[in-house]
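The lines below spell out each chain.
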Amino acid sequence: MMKKFIRKSMILLPALLLSACNFKFVYNIEGLPAGGLDFDDDIEDSGTYDIKVWVDDKIVDLTKSQIGQFVTASGGKYTINATVEPVDEPGAASKMLLDVQDGADLFVFAQDQLSRLKVAGSLAKLSNTYVDALTEEMGIEAVNAAKVNQDVYAFPITSDNGYFLYYRKDWVSDDAAKNMTTLLAACAAAGGKTLNFEAPSNGFYAASYFMATGCTSEWTLDDASGKFTGYKDTYNSPEGLIAGKALRELNTSTVAKNSQASKLGDTAAAVVSGIWEYEVAQNRAEKNGWELGCAALPSFTVDGKEYHLSSFDGYKLLGVKPQVDAKKASVCRKLARFLTGEDCQTERFGEASWGPTNIASNQSEKVLAHKGLQALHEQHKYAKAQGQCPGAWFTALATTATTIVKASSDGEVQAALDTYKAGLTDLLDAD
Amino acid sequence: MAQLTDLEYLKLNKAQRFGLKFTAFFKAIPGWFKNLGIKIWTFMKNFFWGVVNFFKNLGLTFWHGDWKTKVSYFVMGFGSVMRGQWLRGILFFLFEVVFILYMALFGGKFLGQLYILGQNESSMGDDGTIVYGDNSFNILLYGVLSLFFIVALIYTWYLNIKQNKIGEDYVKAKKQLATAKDDVKALVDKDFYKTLLALPTLGILIFTVLPIFFMILVAFTNYDKSHFPPQNLFGWVGYDNFGLLFQWSNSEGASFSMTFGQILLWTLVWAFFATFTNYFLGMLVAMLINKKGIKLKKLWRTVLVFSIAIPQFISILFVSNMFQYPDGIINGILSAISGGKLLIDFWGNAWIARITVIIINVWIGVPYLMLVVTGILMNIPADLYESANIDGASPWQQYSKITLPYMLFITGPYLLTSFTGNMNNFNVIYLLTGGGPKVQEYYGNAGKTDLLITWLFSLAVNDTNYKLAAVIGIMVFIVVAVLSLVIYNIIPSTRNEEEFQ
Amino acid sequence: MAAEKHSMSMSKKKTIVNTISYIVLGLISVIWILPFVFLLLKSFDIGNTGVTKNFIPSAWGFDNYAYLFSSDCNFLQWYFNTFIIALFVCVIQTVMQFMMAYTLSRFRFKLRKPLMNIMLVLGMFPGFLTMIVLYQILKTIGLTGDNAVPGLILVYVASSGMGYYVIKGFLDTLPKSLDEAALVDGANRMQIFVKVIIPLCKPILIYTVLTSFMGPWGDFVFAYTVSLGSQAGMNVAAGLNSWLSPANIGSHFTHFCAGGVIVAIPVMILFLFLQKYYVEGVTGGAVKG
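Which chain is which? The protein sequence lines are A, B and C, in order. The numbering of the first sequence is this note's numbering, which starts it at 1 and goes up by one. The numbering of the second sequence is this note's numbering, which starts it at 432 and goes up by one. The numbering of the third sequence is this note's numbering, which starts it at 933 and goes up by one.
BS3-like, lysine-lysine: derived pairs with alpha carbons at most 30 Å apart:
hint, chain 1, residue 1, chain 2, residue 2
1, B, K499, B, K605
2, B, K656, A, K125
3, C, K1208, B, K729
4, C, K1127, B, K621
5, C, K1208, B, K723
6, B, K603, B, K501
7, A, K125, C, K1071
8, A, K64, C, K1071
9, A, K421, B, K656
10, A, K406, A, K232
11, C, K1045, B, K487
12, B, K621, C, K1108
13, C, K946, B, K726
14, B, K729, C, K945
15, C, K1045, B, K625
16, C, K944, B, K729
17, B, K612, C, K1127
18, C, K1071, A, K328
19, A, K381, A, K421
20, C, K945, B, K726
21, A, K77, A, K125
22, C, K1208, B, K728
23, B, K723, C, K946
24, B, K625, C, K1134
25, B, K616, C, K1045
26, A, K384, B, K656
27, A, K328, B, K656
Calculated directly from the structure, the hints in this document are not laboratory data.
Excised from the complex, chain A in its bound form (with noise of 0.2 Å):
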């Protein structure tokens, strides 16, 4: 119990300091912090609000703190009875889907249910200053990703839902962990070591090397209805074809293991994995005294041609459900704008480790020293920003890259995208 106050009071405490020094940033009497627009929605909104808000468990205490800092900020002109409440991200997708009246204002979502609750309305759009100020602040591609055809429908919160290399750095050199075979060789010859990677079995991972090759897969949302009505789609081609190859080449080794979960260090060489096994990975390679590497994919080589993996840019988004009340919805905006602005992400980052979207953030020296960020960032060359798509769409790639890597000849890797192609049109919604 003693153990849990003291680290709970070290996790607070770079908080409490920062609110002491009450900021080293200077804010105007908008509330948000220097640099803050003036927005179109300039109507007198001061007054007394109540705020539901769902995040992820790990940031719920943080989030009171920052909403804190938020009516702080305002001087007095917000008073805020925020109720923070620990909901992980497909559950806000489906509790807002199932009540948008009694759900949250505020919610954190990942990227791949934005059409689905933009067309179900749980989602307000937002204006041109805000989306200017956001592709200022974040970049063009973060603020693609919450972009539904022409329109932006949240704040991306963080970028970090992408994943990349991790390796353990005695078994696996910096240099073996560039290319797919000298990486394989690598953990065949710290004594059959794996590499994890689950590639076939998961549709999110199997795009990587398709990607890689130069194929594409766009969806069109029709605006009205909120159906997908069409693709274009270029998986079974001659590039899908390498993409096979690669992926059969892959499974032939004894030490690629088509599984996530990270035994990094012990049974695994390296492992394909997301930010989310960062701590756990840190942990046990200051434990059991190695040091840990991470790194962008690695390439592969098919036919004497060398491809980069490539992946998705994942994305975490804050999104506003629509209000009945003009003036509270002006202020869940700029709620939004302050949690998802520079500082608070920046704080997020240092008690939680979400990647942020901000640039400034990420220029932090941090962030910088984040070896998973960094190799995050060192990927996100050759990463695809995740678009529109049906998800049942990640299924479909899932099996076919599982017959894919069950292929004994060329020929059914061949069959195996003629059945992808052939089933494409049924993942267009019915009717």
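Position chains B and C relative to chain A; hints supplied.
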């Protein structure tokens, strides 16, 4: 079919007997339909005359009635109060007041839009605001509730009129009417059942009948993710959703109807194996424990009962993770035994997953069956076995000639309920596999171990596709109802209620 | 001589058969108990909080239990909620089911058969479908979110009359002459129900209370929906289940195991004490139901 005599029947071998029963069953089907037809006809006839008489009586009562009765047509309970039955009268009146208040303040506005399910769309402003329009969901739900209320009112109103008629007749005949005190007395004595039933039936009406009614109606609307209240309206589409069931898509890939067929098939296969593996293995274990000469009977039984005591979501979820690939305990044991060579992806391959769920279901269900069977085994008359022993029957013969027929006879209805129960066994499938492995050729992200009930759940909760979930729900109901009807007619009935009393 | 030899081989055979039986029974016991042993072992594992191959913890400790009772976690709140729900449900549900069962067993009235048939048919509809409707009804009367506990109690007990079968089966075995004798003595129907019938129903009463107490501990779907994110309205099954989502399982699997043990213990103790009644209820229900 020529009727066989008993003697002729006994001469037949098993296959012939089965064949006979089988053909008899199907030959009886036209008869059922005929009976059904007659029943429906009689019902319609009675219904028609009932309605005619209803109105005739209403008119006559009004015509011949005194002023108290006439007022009661508009102010319910008036006549009763005037004739001294104030308790009934006040209750009638209160019901009328509640009804009027409900309709005026709440139900009326929903009822009025029931035919179209709302017209005003919600509109979203650029400043992050929304003006909510009509809520189709509430219109449908409370519209249906209002209909229930109206039916209840008509019925109460009719009772109220009947009371007046009786009241008048009694007064004319100079008989004593039941007073309030008599009413109360009756409610704890002669009419005690009304008191007892009031609360449970009200609960069932609001929390089971109303929701089921609602969901049946949803099958005739376009309630899905793009028609999702309160932000969007949904409306009536007639039989369109059912049409999807019979629409075989032209492409080779998935379609709703193909998926439905496949999943229905697996649901039946699963229910069959889940029921009978449990049944026979449970019987085996029970017989083993109850065998003469086996000691510590109570211990063995308690060990098994132990696993019933732990909430399913804990035990099943844990077991599901034990079978995880590649890091579950079972794979740990397998790889330890095989030196790391053998690892099984239990949940990744359709057939392995299907077999695994059936096996794990044995683990879940056998203790329960063991208890059921133990009770029945004890009831088999011991002298049957004694005489069998004297005749030198082998244990197998004793089992197949005495135990099994007896068990099947007694547990026939139970087997049926557990079959339909397994068809809807949400917990086991959902917690073990979540329906997976998911495959592309199935519609709506369904998986190879999905039952109709789990598919329905994921359609509703994950895809917010309530219209199709409702269609599946109705189909599940039809399958279960038809199966029950058919099987009830084959198995020997042991359900004579009065038998024990 | 021959007869003696025969009996010798008979008893020998019996011993062999019994030995095999014991081995099989032992094996069965192991198979049925082992997962729970693994669960218990895993709950003491502080070496790896995720799913692991090894059932022997790499490091032992009470950290997982400490976590449950720490302020980081709402486990106590969930547990308390579920306990309250179970308490109310087991009382009200038992009363409702007895009311229904007694009526259908002892009274003969015009709507009796139709009522039984309707309940049979209603039972054939998949219940999950109606979840969203029940949610809306509860929302209308304000029993969702923070007030989910009374809302859940209401939904659990409201339709419980439909589960009257087992009790009715039992009541049907009580001779009607009991009622008739009491009627002659001048008792009214209510008095007969309360003073004559109920006291005879102890075994089935305990069975009903036990099963309806256990029910709410296992609801991980509806309770999750109704609480709508509020920790004040969450029950223990939904809470523990949320720890096994793909994002959480790596860091919470051992917590789930520890929570599972704590949930299972009181229910199990209750169960083992009242096992006799449970067995009676189950066998009775299957035969007569």
